[in-house]
Amino acid sequence: MTQEKMKPALMVKRAALDGLRWLDDRTGILWMLRKSVFHRVPRNAKWWYVFGSATMMFFTIQIASGIVLATIYAPSAAQAYESLVYIDEQVPFGWMLRALHGWSSNAMCIMMLIHLAQVFLHGAYKFPRELTWVSGVFLCLTTLGLAFTGQIMRWDADAYWGLGIGAAIADRAPGIGNQLRALLLGGPVISGATLTRFFTLHVFILPGAAIALIGCHLYSVLRNGISEMPKAGEPVDPATYREGYEARVQKDGVPFYPDAARHDMVFCGAMLLVLIGVAAWFGPFGPGALPDPRIIEASPRPDGLFLWLFAALALLPPASETFLLLVGPPVAIAILAAVPFLSNRGERAPSRRPISVLLVVLLTTGFAVLTLLGVRSPWSPQMKAWTSTPSDIAFIADRTPLELQGALEFQFAQCRNCHSIGDAGGKRGPDLTTVATRLSWDQLVRQIQQGGGNMPAYGKALSSVETQALVAYLSTLDGGDLRATLTGALEAQPARDAAPEPVAAEHSPRQVQ
Amino acid sequence: MSDQGTDDMHGQNGMHDQHDQNDKLDMKNPRASSASRSCQDCAHAAAKESRRGFLFAAGTTLLTIGGALVAVPIVGAALAPAANRNPSKWIPLGKLVDFKVGDTVLVTFTNPWGTPDDGDTRENACYVRCLEAGKFQVFAVNCAHLGCPVEWFEQSRLFMCPCHGGVYYEDGSRASGPPPRGLFEYQWRIADENLEIFAGRLPGLQEDA
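So the protein lines, in turn, are chains A and B. Quick note on the numbering used here: the first sequence kicks off at 931 and runs consecutively. Quick note on the numbering used here: the second sequence kicks off at 19 and runs consecutively.
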């Protein structure tokens, strides 16, 4: 009875086995699987090893969502913006598709950078994994290229002016600047040819390069194995490393699937849910303002990933800027790619490589600080501050008509775009909340009329009367108002601190002609 | 073709007459050592070898020529923008009477060349400063630092850049911030009571607009 029942099941099983045998005979698939997903890895390759897998998972999402987006997106300067709005508002799940593509791009870059830092800290790039590292460095560049070109696909004001910045950087190359810029833009201006050019990069060239490089990267991982967790006192010696590694992995290793892959699967699954949550909550990126060069009130900002660069461009000494922009990136990339050749052997444990740890800490801190500065961008004038930033009542109350006129000048002459009073206004120039404690009447007049210290001269823009009013107002900013703003109790303050009106009255006719 | 054929027929020395000796030697050396020089088939074998060599040389030549011909349009079209001819033309910005002496105004214009595919990016803007009747300065909106759009403030008579804080005076000269020079200026002329500028390319440090 049972035998008869089993028979069909057995037959199915046998047929399946026969089929598999046939497939393996024609394709060698079992051999490939044995060499890849079932290859033996060190037993201690656990949570530190999940970031590369997560990077690849996000890349897979990019490919899938990108292909669908490319079927709807119109890579034409005339229609790109509207096709994005169409995807967001008309296509079923369109906004979520764009949100996933945008956030997965960020996630991929973050995972990639963590992976890079982990591999560096663990010295996993040393013998015999030099080329794994090198292919990883090129993958890193390709990914950053994808992120930058993807930002251009949004074809909004940020994309347009971002291209202008790229063009201006290319333009600085001595001798070939014009040609380089024309190749970048596909012509002498930012136009339809520029978008199709970046579209080609974003959907054909860079993804193709990424897939090829991932192939190289994974192949070298399989060929040279996953590095073990570093242990202090177990240096890499190229003469004996391979035999030792093989022996240890054969004796003590586990197959990648399912043993080691469990950690990757849990981490990737969790990250996937985080991605969906973030994408659903925050939605797609842009498109922002229209890419119309006639709209002059643009305040272009790069995406978060490139904010550090935006900050660096504001803070670099102008004299060294061209040199650093043109020579810096190739040198940095060359050094990064040369890491495994500069230090090929020896200790891998971070505890024995203090300089490497210090480098990672310094670079991470540096990029984090620059990114934070990029978010705040204190060097940018606040273009609307002069019309839209209110004055706290404490900085206006009890002023004479002349001083009040000065307060108006302070707004109308766009002083506020660069200077704050009571923390409201631009951060480009010094905060003027207590300027009267630092500068005398004469010094104020001189600073306004002649400028200096990165401030433009206002001598031609302001009449003597206007300057007089402005200085009269600034001379009242002696810190006495602070108590009022801090406590919020203006009435409680019986009298404003002694203001230099007498001095002002005495000086003004003579000083301001 | 026929030259090579007849050379080869004379005997083994034919190989030394080949244009492409390296290819020939690679093919031939392993066999040359084993073949007996006095053997009957020598002439025949040599002919066979030289035919192989000829085919290899012919294949290499054909592929090289063909590949180069195919590369011409591919590389040519890809590098065409670098030829970088200046496509600028004289573009009217407006009637002279419309510009008030002492004023600086934003004027928009359409790129003199381009395609319908360019959309809004075919449009452009510049600042026209009228110093006196018939005398102008026309500035590009692009900051000389990294090309962001500068904004004109009439009250303070300054151009300010929203990106890295470059500031320029009303005559376009650099006032403060990171720009390495003043604002880019377009060439201008007066034709038929119109102000015209010579425009059509993004201004940059290498050349003015």
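Derived by calculation from the structure, the hints in this document are not laboratory data. Here the structure is a predicted model, which means the values were calculated and not measured. Built from N, CA and C at the ideal position, the CB exists for glycine as well. Incorrect hints may appear among the rest.
[As the list claims (entries may be wrong)] Away from chain B, derived, C-beta distances all over 10 Å, residues of chain A:
1. M986
2. I1095
3. P1137
4. V1151
5. G1234
6. I1263
7. Q1335
8. Q1379
[To be verified] The calculated lysine to aspartate or glutamate pairs, modelled on EDC-like cross-linking and capped at a C-alpha distance of 16 Å, are:
9. K1390/A x D189/B
10. K1390/A x E172/B
11. K1390/A x D121/B
12. K1314/A x D138/B
13. K965/A x D954/A
Verification of the supplied hints:
Listed as a non-interface residue, M986/A keeps its Cβ farther than 10 Å from every Cβ of chain B; the least gap is roughly 31 Å. With a least CB separation of 4 Å from chain B, I1095/A falls inside the 10 Å interface cut-off, contrary to its annotation. With a least beta-carbon separation of about 19 Å from chain B, P1137/A lies farther than 10 Å from that chain, consistent with its non-interface assignment. No Cβ of chain B approaches the Cβ of V1151/A within 10 Å, the least distance being about 34 Å, so the stated non-interface status holds.
With a minimum CB-CB distance of about 16 Å to chain B, G1234/A clears the 10 Å threshold, and the non-interface call stands. No beta-carbon of chain B is positioned within 10 Å of the beta-carbon of I1263/A; the least distance is around 21 Å. For Q1335/A, the non-interface assignment is confirmed: its Cβ lies about 14 Å from the closest Cβ of chain B, beyond the 10 Å cut-off. Distance check on Q1379/A: its Cβ is at least 13 Å (rounded) from any Cβ of chain B, clearing the 10 Å threshold; non-interface status holds.
The suggested pairing of K1390/A with D189/B holds, with an alpha-carbon distance near 11 Å, which does not exceed 16 Å. Between K1390/A and E172/B the alpha-carbon distance is near 12 Å, which keeps this suggested pair within the 16 Å criterion. Distance check on the hinted pair: K1390/A and D121/B sit about 14 Å apart at the alpha-carbon level, within 16 Å; holds. For a cut-off of 16 Å, the pair hint linking K1314/A to D138/B is broken: about 25 Å separates their Cα positions.
Taking the CA atoms of K965/A and D954/A, the gap is about 14 Å. The hint holds against a cut of 16 Å.
Violated hints, in rising order: 2, 12; the structure is consistent with all others.
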